[in-house]
Amino acid sequence: MNARNIQAGVLSVTLLVVFLAVWHVLTTTSSHEADATRMTAAQVEILTGKGMAEADIEAWSKQGLTFDQLDQIAGLGLGRDEIEAAGGIQSFGFTTGGAAEEAETGFPSPGQVWREASEQIFDPFHDRGPNDKGIGIQLAYSLARVLTGFVLAMIVAVPLGFLIGMSPLWSAAINPYVQVLKPISPLAWLPVALFLIKDSEKASIFVIFICSVWPMLINTAFGVANVKQDWLNIAQTLELSKLKTAFRVILPAAAPTILTGMRISIGIAWLVIVAAEMVIGGVGVGYFVWNEWNGLNLASMIFAIVIIGVVGLILDIALGQTLRLIEYKE
Amino acid sequence: MSMDKDPFDPNVDLWNECSERGADENDPPRSIADVLKAPENVERENNAFLAKRAHKFDTEDPSATMYRALESSLLHAIFKTDTNRRKFLKGVGAATAAGVIGSMVPFEALASMAKDAMKNIEKKDLKIGFVPITCATPIIAGHALGFYNKYGLNVDIIKTAGWAVARDKCMNGEYDASHLLAPMPAAMSMGLGSASQDWRMVTNVNTNGQAIVLANKHKDKQDPKDWKGFKFGVPFEYSMHNLLLRLYVAEHGIDPDKDIQIRVIPPPEMVANLRAENVDGYLAPDPFNQRAVYDGVGFIHKLTKEIWDQHPCCCFGISQKFIDENPNTFITLLTAILDATYTAEKADQRVRFAESMAPRNYLNQPEAVLKQILTGVYPDGLGNIKKVPDRISFMPYPTQSMGTWILSQLRRWDYIKSDVDYKTISDKVFMSAETEKNMKDMAEANSSLEWKDIPEVKYPVYDVYGKKYNPEKIQEYITSFDITRVS
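So the sequences go chain by chain: B and W.
Quick note on the numbering used here: the first sequence kicks off at 1 and runs consecutively.
Quick note on the numbering used here: the second sequence kicks off at 1 and runs consecutively.
The set of hints was computed from the structure by calculation and includes no laboratory data.
These numbers come from a predicted model, not from an experiment.
Incorrect hints may appear among the rest.
[Claimed, not checked] Taking lysine-lysine pairs in the PhoX-like style, the calculated list, with each CA pair at most 20 Å apart, reads:
| # | chain 1 | residue 1 | chain 2 | residue 2 |
| --- | --- | --- | --- | --- |
| 1 | W | Lys-228 | W | Lys-258 |
| 2 | B | Lys-198 | W | Lys-228 |
| 3 | W | Lys-115 | W | Lys-127 |
| 4 | W | Lys-231 | W | Lys-219 |
| 5 | W | Lys-127 | W | Lys-219 |
| 6 | W | Lys-221 | W | Lys-231 |
| 7 | W | Lys-127 | B | Lys-50 |
| 8 | W | Lys-90 | W | Lys-221 |
| 9 | B | Lys-202 | W | Lys-127 |
| 10 | W | Lys-321 | B | Lys-198 |
| 11 | B | Lys-50 | W | Lys-386 |
| 12 | W | Lys-321 | W | Lys-302 |
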């Protein structure tokens, strides 16, 4: 590693540490002991008159409940058992300090996120039913869908890209359709796909296909169209057939551009699958995010987002390395 | 009702109607009890008879449970309301009643039919969809507490992201049956909002269970008249939530299409939207009402129970195709759901049910929130504690009145574009025609039994937010409102 890489690494890590520190400070509240309320003798008498046990009065007032609140509880005839059955006095939002306050702060702290994350990371393949599977299993399903859709897109995009690249006539003819279909969001495709395809798995793969085909198509066309004219001339001189020209000359020359297109496409495909799974459900990382959102478990959602980002990064690096293998400096 | 209650016992409230209207409204013009003379010492005979039956009833045997459910269904088809049933049984005595009814419907055959159905299940592995809200408690807890297994079914319950997807997955066959909103089977059968496919609402899974929640900043706006310009969320257009919200604000002089904005938001997103101030309030199913209070984002303005007590909410829907192709499975599944529904209704089971549904595989909510909802002891976000045990209720029988009310409101707000034959559609969707056929056959077999009173009883009059809803006079009901899209 050269000096600059090391410097970049140190800077990166410093930025991360600063970010985490700021996050921590902004989201952690100090929890303190509950402020106990003192009950006057008269108040205690009213409460016991309504049937409340003295032990309960003491326990609850220690946790910060006011006389009015205890009066209400007594008036409804609720004893300790019923309060416990309803989730415990802490869950009513009346007590001060401790758990009650923690329930109310909005954004989770880095510590909370880490706690959720470790729960998931250290048990990645659990299977507690169709709606609760480990993050490893969810990722596997999502990746499978992405790769299927991506490969399908590749099979369509590359040959079509060649056609468009090699023939200005076809390019002009197909271009309007490409431009119209390209900007359509995957979430707009989804209901249509569901309606026509009648199977949610196939519909989500279709959506990945239809959204990731464009970068590959356009880049392939561009790469093919911009092959050095000299090389084409030589091929013509050598009397190579069109097919041979395509495979032996154009493909290697256009390969870097095609692979760049693939890199962009895989990023889009990964993006799309999360969105599609949030709507369709099933098993997958998008469903995982949705499930945690459903439970309003922000810490888990943040963890999921980080995982999505990391996997996207890995996919990108994988394709980037492949790119490095096949490109050659002139 | 629970499976512990004997359908032939005149002293129990079988179908949870104790809270409903009094005895007079639904008296058939000529009481059935007049037809058969009341024997003496009815009380003593009753008790002896019931004791003998209780002795034979083994709660551990699932086919016995199914048999009891079938008995109850049959009596419901005959009497339609608990008051009639009790009058009849008190008048003629449980033993005689069993004899009379048994002479027309061979109960032994019914018992063996139950056993046979369970042995010949066509499709053991089922996929049932559910949306993660407490309305689906019988379906969810049915899985968590083993009710499906008890009847020999291997059910996977699949969490669905929203009602549109639930509908789509139902229609393309990915789900064998599903938790649906009460208006949805009707909408799907009529082809509203989708292609048309025949779906049946087989049973309610719950009644009540919703609430209107407002953001904390509106604590001083408790009168709906101040809600002009507000944005409200509802889970789906074809839902009781939408219809009840519209009814409620319209009764306070607000036009739901002109003065407020109603948007469709999936229930899980409601609390987040409330916090982000995207909506001012919502009418949603629990747990998202109590969750808003728990998270300190909003308060509960009104429980829908206070608008229409025991209103239908969510249902268990199955396609007509499935019923036709898998009748035994259908009956077994229905019994399992009924069993779970009846058990969920019991006060002493609520905590157990709440705890079973908290994990990620099911509702994925804090246990305390679920407990507050199911026990009905909860903070309302305004500093009060409330105790409303039937805040959510699990009452399985859909009645035609409920069905036609839904249709009338869909018409009122112009979701249904032209007048329809409410009764026919409601009959088709909400209750099987077989029960009516059964009743007619019985009448033919025994001329001393008068059934002509029954159609009136089939459509009981409801009290909906202070207004009487008479299903015989639907058109008048629709036009009787000040605010309506239909004149």
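Verification of the hints:
1. Lys-228/W <-> Lys-258/W: Status holds; Cα separation ~9 Å.
2. Lys-198/B <-> Lys-228/W: violated, 42 Å
3. Lys-115/W <-> Lys-127/W: violated, 23 Å
4. Lys-231/W <-> Lys-219/W: holds, 16 Å
5. Lys-127/W <-> Lys-219/W: violated, 43 Å
6. Lys-221/W <-> Lys-231/W: Roughly 14 Å separates the two Cα atoms, so the pair holds.
7. Lys-127/W <-> Lys-50/B: violated, 51 Å
8. Lys-90/W <-> Lys-221/W: Violated, because 51 Å separates the two Cα atoms, which is more than 20 Å.
9. Lys-202/B <-> Lys-127/W: holds, 18 Å
10. Lys-321/W <-> Lys-198/B: With a Cα-Cα distance of about 17 Å, the restraint between Lys-321/W and Lys-198/B holds, given a limit of 20 Å.
11. Lys-50/B <-> Lys-386/W: The given pair, whose Cα atoms are some 16 Å apart, holds under the 20 Å limit.
12. Lys-321/W <-> Lys-302/W: violated, 40 Å
Comparing the model with each numbered hint stated earlier shows that hints 2, 3, 5, 7, 8, 12 do not hold.
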